[in-house]
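Q: Residues per chain are reported as follows:
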Amino acid sequence: MSEVLLDFNNVTMQFGGVTALNEVSLQIKQGEILGLIGPNGAGKTTCFNVMTGVYAPTLGTVSFEGKNLAKLKRFEITKVGIARTFQNIRLFSEMTALENVMVGADARKKASVGGAILRTSRQRHEEKESRERSMELLQFMGISDRAETAARNLPYGYQRRLEIARALATEPKLLCLDEPAAGFNPAEKEELNELILKIREQGYTVLLIEHDMNVVMKVSDRVAVLDFGQKIADGLPADVRNNPAVIAAYLGVEDNAS
Amino acid sequence: MSLVLNFWLRVTALFSGFGEQFRAMNKWQRYSAYGLGVVALYLLPYWPDVPVLGQIVNTPGSQFETVLNDQVVIFVLIALGLNVVVGIAGLLDLGYVGFYAVGAYVTAILTSAHGNLPWLLALPIAVVISMLFGLILGTPTLRLRGDYLAIVTLGFGEIIRLTAKNMDWLGASRGISNIKKPPSMFGLKFGVLDAKPYFYLGLTMVFIVIFILHRLEYSRVGRAWVAIREDEDAAELMGVNTFKFKLWAFTIGAGIGGLAGVHYAGKVGFINPDNFPLQLSILFLAAVVLGGSGNMYGAILGGILVAYMPERLRNFSDKRILVFGIVLVLMMVFRPEGILPKRVGNEHKKRRAKSQEGEVAS
Chain A
1 MSEVLLDFNN VTMQFGGVTA LNEVSLQIKQ GEILGLIGPN GAGKTTCFNV MTGVYAPTLG
61 TVSFEGKNLA KLKRFEITKV GIARTFQNIR LFSEMTALEN VMVGADARKK ASVGGAILRT
121 SRQRHEEKES RERSMELLQF MGISDRAETA ARNLPYGYQR RLEIARALAT EPKLLCLDEP
181 AAGFNPAEKE ELNELILKIR EQGYTVLLIE HDMNVVMKVS DRVAVLDFGQ KIADGLPADV
241 RNNPAVIAAY LGVEDNAS
Chain B
1 MSLVLNFWLR VTALFSGFGE QFRAMNKWQR YSAYGLGVVA LYLLPYWPDV PVLGQIVNTP
61 GSQFETVLND QVVIFVLIAL GLNVVVGIAG LLDLGYVGFY AVGAYVTAIL TSAHGNLPWL
121 LALPIAVVIS MLFGLILGTP TLRLRGDYLA IVTLGFGEII RLTAKNMDWL GASRGISNIK
181 KPPSMFGLKF GVLDAKPYFY LGLTMVFIVI FILHRLEYSR VGRAWVAIRE DEDAAELMGV
241 NTFKFKLWAF TIGAGIGGLA GVHYAGKVGF INPDNFPLQL SILFLAAVVL GGSGNMYGAI
301 LGGILVAYMP ERLRNFSDKR ILVFGIVLVL MMVFRPEGIL PKRVGNEHKK RRAKSQEGEV
361 AS
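Heads up: the protein sequence lines correspond to chains A and B, in order.
The numbering of the first sequence is our numbering, which starts it at 1 and goes up by one.
The numbering of the second sequence is our numbering, which starts it at 1 and goes up by one.
No lab work stands behind these hints: they were computed from the structure.
Since we're looking at a predicted model, the values are computed, not measured.
Hints may contain errors.
Below 30 angstroms or equal to it, Euclidean Cα-Cα: the simulated DSBU-like pairs (lysine-lysine) are [unchecked claim]:
id, chain 1, residue 1, chain 2, residue 2
1, A, 173, B, 244
2, A, 128, A, 29
3, A, 67, A, 110
4, B, 319, A, 73
5, A, 71, B, 244
6, A, 109, A, 198
Pulled out of the complex, with its shape left as it was, chain B reads as follows (with noise of 0.2 angstroms):
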């Protein structure tokens, strides 16, 4: 066991290491380093073409792309949202995955069940009614605390689930096929064989889902949310409209998670509701929790560990699930806060300032 800590320990002061290392760079060395970064995330689908590191990223038994879309795009994207409310605003949603159908529904309904519109229309329409179904379950339910906001959550997502099974109009236990694709652009086909263009698409989505949460976090409203996860009566004696803000995570979450079922479902092209089980919910919470709840960045990793690592382990077949589940557990025992916990206080202030002298500089 001393072996294993050691070894963490040895790699968390190597990130550490990288950090400062960072914090000193001045703006253009820290912007190009971020430009690098995301063409080097867009480069990811060839990672296992390089000679050595391809080995080790590689996926058995499935293409490294397609689990890069399927899986990894999708849990970050839901991940992110799903940390807006149990991370931030600290609301314990237990039915996440019911947004992510109502997302996929939504565009499986426009573009083929009973409609025609293209892929792109339906993708804003989707997300509104995500957001209003956020709000729908929000209004009556915020009121709730703790236990009993994860229970109607948890019924929330069962309910979306057994509707979309028993309705006809949704098409019942066979699901709706034929669903759009997104259109060709910027020389990107999207077809059946190559996730390639999916995984572009979805990583867009991840940088623009990053951009709009990073500027609510540093902002009237993360503040809002916060102080709500920390005491929620003393933030309303403070002034703060907790439900009004409650309200605004919950939907936007759901706005989030929405999206990711959008893409999902222009992706499979087919869905049913076996594709939104309960188990769902449940992995985006772990994968927000493993990675470090509250922490933005910490929630990305999650839903990249989570989703990931089963497929990468997949030549364990039936033992992957057990390897997943002792290092979920382990990780609760020696790093309770998650992988990367959220950061409060000097170190991570003074680089913001930093940034934001930057800023103002330009």
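For reference, chain A alone in the conformation it holds in the complex (with noise of 0.2 angstroms):
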């Protein structure tokens, strides 16, 4: 449980004139949950674009694992064992559920246009597996029965588990959660704590980002607090919850607090 996976040291991103995110360190340590809290605009899912490669930090460095990500395209990252999901939704939605899924597992495998015009051995080998692997990662987050369907049809709430679905296929060590909760009701949110603390059963660790502190408070076994761009908080959701800069953050300060 000690051993830090991905580190983030001193980050600083600039957009022009905009600093998102302002030296923050942070450190994710293998097989933990770690919440990353704060309210809109704080920077959260900007420290995500950093860690997968979309943006490249104005200053300070991220390591996975003691490599540099600096050097490497979004796509290697990806290789190194990093996945993630998105805010809003970003399926391939003219493809199947199932078809999505494999996009993913793609990922791990070799055979190119070569293989797939011989249809070589070793390309069936993967396809099959490939297949057999996507369709156990649409069970384990229970909508393998619209595994045909394309992704533009299905319901929100499937829509949001096969982007975990298509994560997971990646084969990570991270497994980043970009507001999985969204547009969830209380029911949902319930089911998907119970998703994401079985997820961590299987071994990955799981950078969570949420805006729903109640989800974050109890499947996170740390919490990190940004708010406009810096780290406030870092410890135990117990502890976070009562920290009064965090509560400032959240609420706000009154004026004349005496």
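Starting from the two chains in their separate frames, assemble the complex, guided by the hints.
A: The following block contains the structure:
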């Protein structure tokens, strides 16, 4: 539980004059569920985007298992072992649920054009493996009954879970969930909580961005709080909940507090 | 207008009914149906000789088999290739005629202008060189997206044509003549008058291309292409090496375009830069979009229609392009996804699952 998987070292991210992240340091340890919370615009998603290579940090480094991610292309970062979901669902809408997951599983496969045309034994083996693994993941997420439905025709809850299945298919060490509970009702959130815990049981480390305090507090081992691009708290959920700076960030401070 | 719509619904209903019947067949019945279809296609040049049907398909003013080969087969090949680039991988290529020209010119150079190779040997070389052109064009430009890529490829098509027009080594505007014809094989003689052997050869090329593309489409490569078309960023974050697969789509598309050029050059024996105008790129794209972008069989159908309809309507002489244009506009209004839209989801999958079971069993 103590080995550092992802190390966010003094990361600053600027867009023109806007500083989205200001010297944020954050460590994710092997096997934990880290909740990353903060009010709107605090820089949570920017954190994700820096981690997965969408943006290159202005200053500071991000390393994964001691390996600097700065020089890696986005698809290489996936292969190193970081997978993510998107806050606003971004599935391949004209593909079936199963195919969506298979795209993720393909990340670990090698057969390319030659293999596909000649249908080599390796290609057929990989294809079978992808298909079976993807089907397993759909079952794990509880959405295998709609495996052959085009992603765009799936109900919202299915789409959210399909995103997680697709990310898991890339065999990540670290799974980053960007507001997976957005738009869920309380019962669905409850289900999601269980699912996240189940994912961790399978040996994945989870980074969870959430807006909803209840979800985060329930499943996280540790919670980090961002506000205006700065980390203002980092610790056990119970401690963070009572941290005055966090309460101030979420609820605001009364002017004449005395 | 409702009359047209009603008619259209009937036609599609007819087709879907046919599809269901087809799906209900077992493996052997299906294979024999395929076989019959293939035989029928090879007999196509004889259709105008059939009493009643002949009158329907007949092309006034030009030989039916010449239309089949010089127009239909070429367009189908090209629609297949362009569909990989535009339909499946979602890369808008407005200069596809460039690859077609490269294929034709390489054949001309190797067999006539600057060499004496037989056509059959020039074929693989021309295809490989077309693919190289795809690679050369794709490497810098595939970092661009959408409209920008379209503009660069548009320029590419023109560059190829203008280079051919201005380089003496390429025959300038005179073009290159005496291009070698395919060698006689299987009792087929590739002469000047009879277009049938060329049609058989071209049709065989179409089948080979379909076979290859089918395998690619239902593999990791095909999934990567579609993922890129659907959401390039998400695809990359899911571990798809987007640049590599886009380049593959471009290169494979270029190779097929080049193949069509080789076939064309071998048939006509004479090419010049005016054979490869920008307008052709637009027509190629129209074929893919009309038929059903992203669906191989849609693209084939589009290729057939775009190539064949103007010839069929030749009696209307000047107005045929107008009619053709109106048909295109109506299509875009009433069926923007094309005649045979790409298929995702259940029914299509069930059929595939079935056929895979068949493969395992055999």
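Q: Evaluate each hint against the coordinates.
A: Okay, the hints, checked on the actual structure:
| no. | hint | in the structure |
| --- | --- | --- |
| 1 | A:173 / B:244 | holds (25 angstroms) |
| 2 | A:128 / A:29 | violated (34 angstroms) |
| 3 | A:67 / A:110 | holds (23 angstroms) |
| 4 | B:319 / A:73 | violated (54 angstroms) |
| 5 | A:71 / B:244 | holds (18 angstroms) |
| 6 | A:109 / A:198 | holds (26 angstroms) |
Violated hints for the displayed structure, listed by number in ascending order: 2 and 4.
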